[in-house]
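Chains as they are written, first to last, in the working numbering: chain X, 1234 to 1387; chain R, 12 to 342.
In case anyone wonders, no lab produced these hints; they're calculated from the structure.
Even glycine gets a Cβ: it sits at the ideal position worked out from N, Cα and C.
Heads up, a few of these hints could be off.
Restraint ranges, calculated between C-beta atoms of paired labels, are given here [as the list claims (entries may be wrong)]:
(1) X:R1385 / R:K282: 37 to 45 Å
(2) X:L1318 / R:M12: 27 to 35 Å
(3) X:V1374 / R:A212: 45 to 53 Å
(4) X:G1372 / R:K310: 32 to 40 Å
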Amino acid sequence: MNEMVTLQINGEGYELSIAPKKTLLEVLREDIGLTGTKEVCDMGSCGACTVLLDGKPILSCLTLAVACKGKEITTIEGLKKGETLHPLQSSFIQRGAIQCGMCTPGMILSAKALLDEKPHPTEIEVRKAIAGNLCRCTGYVKIVEAILAVSRGE
Amino acid sequence: MRLPDFQYIEPKSLEEACLFLKEHNHESKIMAGGTDLLPNMKQGIFKPKYVVNLCAIQNLDRFEFDEDRGLWLGALVRLRYLETDPIIFERYPMISQAAGEVGSVQLRQMGTIGGNLCLDTRCYYYNQSDFWRKCRPMCIKMGGEKCNAMGKGKKCFAVLSGDLAPALIALGAKIKLLSTRGERTLLLSELYTGDGAKPLAMEPDEILVGVEVPAIPKEAFNVYLKYRIRRSIDFPLASVAVMLIIDRKKKICHEAKVVIGAVSTKPEELKEIKELLKGKKLEGSLIEEASDLAFKAAKPIANAGSSPSYRKRIIKVFVEKALKQGMGESI
């Protein structure tokens, strides 16, 4: 039986009637149409579905949407302000840290969570923070450089 | 993979949860972080009628430290908290290490200590989709007659792959279980049956509400070492938790607790090493003898990554490493 839930996503409230079995990932992509968050392994092993829940990175494929009442959800779509991209988004584009783009939304949100907690991390700290986000294309070098560049204010 | 249909229950108190579970225990699964339950449900391993989410219950994530009494960790304390809390980092570094080695940042943000201690056992031949498992006979853990990993046998060899269990057993932790019949406390080591098919000595309507970790001397050495192929996400393929109370000047070991994990159906405390090292000077040949005992005690089979022989050898290397580290040697 469906449940009525209000989800706070990127600062907006969405009132929905959803089945308990729907994960946050499914609701974001299918019910709301925010397809920036990607479905890759759907099992908790790749991090592509990462979103921020009250500022902390979690896997939306393993989160029930009905369990997200009263929490602030941030997806990749919530990062830009008006038409201005978030510094992490610009840095990734400028430094070639995006190839196929599937890992990118989750990767950027993990990086954002790190920089919000630790604005000037070391390289090891960056690598540990994104260790839950797999990338099959880039080899991570440019991704790490892009994140460190933002931390240095470049 | 989609989750099967279920009814979602969100009790607001422990009493409500216990009453519900008493009524519906065989049709329910408890959920905290969901990082173990939901993948298994997606693979069609569990299809519970009810999923009972404990996260709305107040105070189940209480954390308390007292110099004399030690730690109280509510079952819903997140692994990320255990990894980063400065008191735990300073006084029980093994808990910080073990929690910090679980999965990834996201999984630690969602995962809880209760969930990690109650992790279902795992096997390459079991943790697969419905479609994959239909290609083989039903294994013992699924209610069948044969172990698919061994190709024979009446016993289930699914591995207890939790990271926190070996560490907390080495620290002498106790757990509190609650049901409508009341509360009971037992040593964490008593929770694990050693039966891969039914790994936990808990009734279906019992809830793990918290963990008590006794106070340990400030100078006690404790370390958790985890072997996995990648440095993130993976479950352990072999792990060692060591707690030593030693006089570093005289190099005498007053107490040694060595627990090996991920190489059997439950974490094993190696009491023979405890006996071997008690009151003795921890030197080369004794450390070698202790690590040999650990090598003999580790009995992995080919139902997880790496190879059983490599995992056995890693156990020996880790015990040696941990004991040397305890003596202050840099390795």
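Results of checking the hints against the structure:
1. X:R1385 / R:K282: 37 to 45 Å: violated, 53 Å
2. X:L1318 / R:M12: 27 to 35 Å: holds, 33 Å
3. X:V1374 / R:A212: 45 to 53 Å: holds, 48 Å
4. X:G1372 / R:K310: 32 to 40 Å: holds, 38 Å
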